[in-house]
Structure formats: structure tokens, C-alpha cells
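The listed protein sequences correspond, in order, to chains A and B.
The end of the first sequence is residue 361 by our numbering, with every number in the run present.
The end of the second sequence is residue 390 by our numbering, with every number in the run present.
Be aware that one or more of the hints could be misleading.
With beta-carbon atoms standing in for the labels, derived distance ranges [unchecked claim]:
id, chain 1, residue 1, chain 2, residue 2, range
1, B, R106, A, D327, 46 to 56 Å
2, A, V288, B, R283, 49 to 59 Å
3, B, S308, A, V288, 45 to 55 Å
4, A, K330, B, D376, 30 to 40 Å
5, A, K164, B, R154, 53 to 63 Å
6, B, H271, A, R243, 28 to 38 Å
To be clear, the hints were calculated from the coordinates, so they are not data collected in a lab.
Just so you know, even glycine gets a beta-carbon here, dropped at the ideal spot from N, CA and C.
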Amino acid sequence: MQGAAGGRGTAPAVDADSLIHVSVRDTDWDGVRLHVVTGKGGTGKTTVAAALALALASNGRPVLLMEVEGRQGIAQLFDVPPLPYEERRVASAPADDGRPGGDVFALAVDPQSALIEYLQMFYNLRQAGRALTKLGVVDFATTIAPGLSDVLLTGKAAEAVRRKSGGSFVYGAVVMDAPPTGRISRFLNISLEVSGLARVGPIRGHADTVQSVIRSPQTAVHFVTLLEEMPVQETLDGIAELREVGRGGIKPGGIVVNMMREAELADRGTLSRVTLGSKARDAHAIEVALKAAGLRDDADLAADLADELADEAHTARSQRSQRRRLDQPKQPCYELPLIKDGIDLAALYKLAQALRDQGAA
Amino acid sequence: MSEPQVRGGRPVSAAPLVVDRLIDDRRTRIIVCCGSGGVGKTTIAAAIGLRAAERGRHVVVLTVDPARRLAQSMGLTSLDNTPRPVNGIRAGGAGSMHAMMLDMKRTFDEIVESHADPDRAAQILANPFYQSLSSSFAGTQEYMAMEKLGQLRRADEWDLIVVDTPPSRSALDFLDAPQRLGRFLDGRLLRLLVAPARLGGRTGLRMLNAGFSLVTGAITKIIGSQLLRDVQTFVSAMDTMFGGFRERAEYTYRLLRAPGTAFLVIAAPEHDALREASYFVERLEQEDMPLAGLILNRVHRSPAARLSAARSLAAAEALQDADNGESTSLGITALRLHAERMHQAESERRLARRFTAAHPLVPMAQVPAQPDDVHDLIGLRVIGASFAGN
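Please take these sequences and the hints and turn them into a complete structure.
Structural data, given as C-alpha cells:
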């Protein structure tokens, strides 16, 4: 069912599950434990990653939300001080069907800290770590050594996915706010690139381990987009590239259409009736309405509103055609509303619920 | 720059940024467009280039990763690292426009080829570490963009260079990149890596040498001995070029701070994009880079702004209640959409005001949202028209 066309993601917003109380929910991504969230800049991928983490935590298990680009976007989103290199609780998911929600932990991974941690974990090189930092080796290794930094970042995610305590996984799921679409294939495939560069050795071994997680059914890569030409194109290109580069091993996940305006959701019907090239007729109809509403008779106002309406209709039309293009890859699509007054915790809960209603978590 | 208006001790608006003034000033030789991803940076860079060319400048636009159709609109069909003339410029022979797309690997190869004799160059180009460094190091793109900028400036064939910066994972990486890569390639770490082989026999350096082996030992543990060997071979081969690298990096950095350079920060009227813009502005100020102003792209305006959102919504509701059927349904939709657009415009204005309150000295220009993605010269010209100010 995962990744199948016409998955529940494309179902109407009212979900049967919210009416029939079932204890075990099916979701489109059962079995996936590493959710990689990518998207073109400006599409709101950090917000979607956070909402997805909350949605997944509603299943009752703790979820780790991690960011890798040093922007401290998660801290800003949850309105907490900048995150250190440490897993910190930032929110709790609401209870679901009487079950308590799980906690969402957040972590800002930076390659330097990840490298030092790696040295400590695997080689007990605590002292050396300090010396290496001083000498600039850590800086070198993480900023210059090709691909090493990406291996360390994906490596941390893989470690969190596999981490166990008392025989069971510590996290029910890990959500990664990943680099943008243009870089995602290289980012996830970097371990292979390193494998090519380092034919043997510990980095090679580490890279192979990371690849085995990323290339397993436990991992899905979700794409966040807006209904605009460029983000949609990048999403389609990104999915195609992932399929090609991943050679079937890296699995594209869902497509999240973000920031849909209410008008786009509610007025699709009416807007589709606005015909291009008959602005005069539209203006006349609007003038009639303005009069009926008791607004001062103002032919110019009607004409201006008709212009505006034509613009909106044009936008709605092109958005509809962009939306259709998103059906091409046959991945589940989810639609999230535009939050007008800035994203706060309440807004994240709302988005999380929308993702759950549509079967994404 | 004129003083911002001050009322009641608090600045209420920054001076307007008139891009035309910037591009008409012959002393402006470089315009660097920076900003977070998804704000239309490449489009703005192209529009500035076109506008300047049509106002008589000889322009080259250096772009890093344009959308395919935008690239085609400028006549770029391949990523071939060479400035190509853009056809269809309306300059009456006075101005011209070229555009090029950066090929970072090729740019790096060219540096190697111009600094080393053919044998050594071939050796470097074949080195696995070099190949990886030149195509995938996270900072290579930034560094090569700046290197290319330096080359274009030195070539002196154009009197205005417009640069579209890479969508850096962390803001303004490109400012660090020249120094960082220069420091690395020139640095003592690399010397350390190759030093043991060189210093092996000298007793006086034995202590030092022990330190070296500790470090190389640790590095071997991390990256493996085969990769370390590749790095060492690479470093030995590059040895003669290091000084050159640092010099070039410093040249580019000086160029960025020179009086003929203007930085423009591009943002969209959205919370996140403006927060990033604030960061860019502060960072540029810290680095003493010549910031010309902020371009707020994709601003929504209404042709019927005289009808307020509240009145529009009230009218829509009144019509809804009256239930006139089909006869007013289009009007209701128009009124509701109008109210929504007015709300959007208001929230954009609020965000812009907040930015200006925090950065009262940064001039701002606004570019209206376009109904379609821009991918031809006509669209670029429409955007350029908003550079006149007012």
C-alpha cells in the first residue's frame, strides 16, 4: 500500500477514521521509521517536518525531529532557545482516541559535533578529538573532505533510527528536516560517493551502514511543494532523480502541497466558472452585486474587482494544472492549508491533524 | 542616501531603494544578489541585468542554478561556463547583455590548468580526491562563483556584472568560501598531512614528527589510509599552486568590499524569508560589505484597494444572506477574494514595516507579484519596470 497511487493521501479531507473509532490506524507509511522531508526553499519544509513529527507522535511513541542545516529553524518554530547538540523535548502530541500522545524531541545536528561524537563512540578518541579540533582537522574533515559532512549528518539520523533501549527502539520515528530538493539525491546518496572515494576503511564502513538504513523500506523521502511552477518542477525532478540515483533503493514518499489558500480550497468551483476574455461581462455581474449589497455604484470599482477576479481565476487555473502534474509520479499527495498569522504551536497541531486526517501519519 | 523619515523619535520608513539609480551609476560595476532560496533571486538578477542592458550598460549575468525555462529565456541552453549573448535586447546598440551559468567543476579545472604545467595538471585532474573535491564539496560552488566573478571582473569586457549567489545551505557561505578554501588549500593542516614524508630524516624534528604521526594516525582512523594517500598525493601535486589560491581568494574578497560593488538582499514578504533577510543584512554589515538595499519580491497589491477588507466581506455576507441565487454569486466570490487579498497585502505591509523598524537604514524596493512564473524577456521587463521607484 505504501507509495501506491490513490493512497489515502488523495482522499477527501474528511477521514472515515475520525468518524469510526478504530484503535489501530492504517497510514500510508506504516513501517517507515525515517522520514526525510525535503522541498524547494520557501515551501515551508521545516514547518511540514515539525507537523509530521507531531502527527507521528500522536501514535504514542516518542519522535525525534532533527535539522541538519544549522538554521535553528526548529527552535524558532517551537519558540525555544537555540538547540544544542542534544536531544531535547520540544512538544507533546495531543492524545489520540484516549491514548496519550508521544513526545517530540528535537536535535540540531552539526557535522563538527557529529564527528567528535563519532570519534568518541567508535574509537574512544575523546582526547584526540580535542587535539584534532585545535589543529583544524575537524573543520577540515567536515567542511572540506568531500561528502564526509553529509555522511555524518545522515549517519546521526541512522543512529537515532537504530538506537535501542531495553530491546525496543527508543524512537517510534525520526523526522529529518533535510537539505532542499536540489541537493537531496546527492545528500542521501553521498555515502555511495564516499564509498567510491574510500574503497576501504572505517569511513567506508560507516557509509555502508548509513546506506543500508537509507536504502531500506524503513526510509521514505517526502517532498514539500507549493502549487507554483518551479517548486512543482523541482519536486518532479527530485522524485525522478531519486528514483534514478537511488536505483530503486531510495524510496520517494509523499508529496505535501503546502500553504494552500482557503480560496483555492473553497472557491475552486466558482473560480472555474470565471471565463477569461469576458472581463466586461464579469464586471457587469459584479456591478449588479455591488448595487444589491448597497455599495456605492462605482463602475470603476466593479471593473477593478473584475481584474482582480480574473487574476485569481488565472492563478487558480494554473494551480489546478500544477496540481495535476503532481499526480504524475503516483505518490500520495497531502494538502495543507495556509496559516496566515505565522506558525505557532496551535498551528502545528492543526497541520499535524490535517496530515493524520489524510493518512500521512 | 537620504535620511529615513523620523517621527516621534522612531523611524517609520526607510529610504526607497531605486534600483535604476544604482544601475545607471556607471561606477556600479558589480551587483551581488543574495537571499534565501525560493524568493526569486535568479529572476531578480536576470531582470536587473536586462534592465541595465536596456539602459545602456554592457552587462553579464552570472547565474548559478536557474530554472530551466528562465535559462532558456536568456539563451542559455547548456551549462558551459561561457558568457553567451542574450538576444532580443532593446538597447538600440547602446547596451548589451550576456549570461552564463556556472560550471563549478570546469571552473576549478581551469584554475588548475592555468596554474600547473600540463603533466602536473593532468595528475591533479585525475586524482580521486580532487575529483570529489571539485564536484561535491559543499563550499566549492560558492568558491567557484566568486572565482568566476573575479575572472569576469579581470576580463574587463563588461561594465556591469550581476551575480546570482548560490542557494547556500547556510546564509552567506559564499563570503566565507574564498577564505575557507584558500585557508585550507594554503593551510598548515595539508602541510601536516604531507610533512612526515618530507621531514622523515631530520632528527631535530623528531618530536614534531611524533605529533604528526598522532594526527595522521587519527585521520587514517577516520578516513582510511587509501583516501589519506590520495589526499597526500593531491597536496603534493598542488603544492606550487597554494599561494595562488590564497591570492585569488583575497582578490575576490577585496573586490566584494570595493566601492564599485553593491549587495542587494532579495526577500519575499513572508515571515521566514524576511527573517533570513535580516540575518543577511546583519552579516553583510558585520563584514563591512557595501549593502545597497533590500528588494521585497512578490508583493501583493489590489487594483481596488479603496474598498477595505471589512466592507468587502460585509457586502459579501449581506449578499449571501439575501440569497439572490446565481445573479450575485460571481460578485460574492469577487468580494471574498478581494477581502482576502487585502488581508494578505496588509500582512505583507506589516512584515515589511517590522523589517524596516529593525533596519531603518536599509533602503527597500518592492516588486509586485506576477500572475505567472517569469520565463521570458517580456516578463523580466515587467519586473524591471518596478525598478524605477514609485
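Run the structure past the numbered hints and jot down the numbers of the failing ones, going up.
Hints 1, 3 not satisfied by this model.
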